[in-house]
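> Going down the list, the protein sequences come from chains A and B. Following the working numbering, the numbering of the first sequence begins with 1 at its first residue and continues without gaps. Following the working numbering, the numbering of the second sequence begins with 1 at its first residue and continues without gaps.
These are calculated hints, taken from the structure and not from any lab test. Don't take every hint at face value.
As a list, the in silico DSBU-like pairs of lysine-lysine whose alpha-carbon atoms are at most 35 Å apart [stated by the list, open to error]:
1. A/Lys67 to B/Lys7
2. B/Lys7 to A/Lys42
3. A/Lys2 to B/Lys65
4. A/Lys67 to A/Lys56
5. B/Lys65 to A/Lys56
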Amino acid sequence: QKEVEQDPGPLSVPEGAIVSLNCTYSNSAFQYFMWYRQYSRKGPELLMYTYSSGNKEDGRFTAQVDKSSKYISLFIRDSQPSDSATYLCAMSARGGGADGLTFGKGTHLIIQP
Amino acid sequence: SAVISQKPSRDICQRGTSLTIQCQVDSQVTMMFWYRQQPGQSLTLIATANQGSEATYESGFVIDKFPISRPNLTFSTLTVSNMSPEDSSIYLCSVSREGEQYFGPGTRLTVT
Chain A
1 QKEVEQDPGP LSVPEGAIVS LNCTYSNSAF QYFMWYRQYS RKGPELLMYT
51 YSSGNKEDGR FTAQVDKSSK YISLFIRDSQ PSDSATYLCA MSARGGGADG
101 LTFGKGTHLI IQP
Chain B
1 SAVISQKPSR DICQRGTSLT IQCQVDSQVT MMFWYRQQPG QSLTLIATAN
51 QGSEATYESG FVIDKFPISR PNLTFSTLTV SNMSPEDSSI YLCSVSREGE
101 QYFGPGTRLT VT
């Protein structure tokens, strides 16, 4: 079993839909959770950073962490064609950027105009 | 955030040769990381590079294959040595700033 599981997709939804992206993990030591967006031939861009369980909202994006289920989610509201990209979940045991990150494989998201 | 540049952006190399990838960040950082992104695979940490100390390598990666330098707080290099086609990948530099990690644009390496 890989440490972080993420459905690679592709996930195709119409413009304006709510998108739900998810990851599961096995290592209970993970405390810090991130979502990155990666456009083709670009480096990953940090979208959301959360600590422990709970929700965090930033504009159209909401990150949820459920440590009891070892399950994290990213919701995108009012999705736009410009949201089409690969979304990577990442996590670490220590915060403060002290550790390298463990990533999922990424979900390829397509927003249809 | 952080502004990170990498050189070269891409290269095609012959097996058995070595390539050095440069990573430059816009201001001083303590922690720098090197990752590999192979097709269809997760981003995988190769090593952590702190200025003034030896790099720390993850399981499956060794210094002889991936030597790293960190001469100052804004610069690092990763060398991919004695390359084989299996080393074809995207190599990414990352820095830690204010607790968050930011990535460079990557170096796309093809080994023939």
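> Compare the structure with each hint and give your call.
Taking the hints in turn, this is what the structure says about them:
1. With a C-alpha separation of about 39 Å, the suggested pairing of A/Lys67 with B/Lys7 is violated against the 35 Å cut-off.
2. Pair hint B/Lys7 plus A/Lys42 holds up; C-alpha atoms about 14 Å apart against a cutoff of 35 Å.
3. Restraint check for A/Lys2 and B/Lys65: satisfied, since their Cα atoms lie roughly 25 Å apart, inside the 35 Å limit.
4. Taking the CA atoms of A/Lys67 and A/Lys56, the gap is near 14 Å; set against the 35 Å cutoff, the hint holds.
5. Only pairs whose Cα atoms come within 35 Å are accepted, and B/Lys65 paired with A/Lys56 is rejected, the gap being roughly 41 Å.
In this structure, the earlier hints numbered 1, 5 are contradicted, and the remaining ones agree with it.
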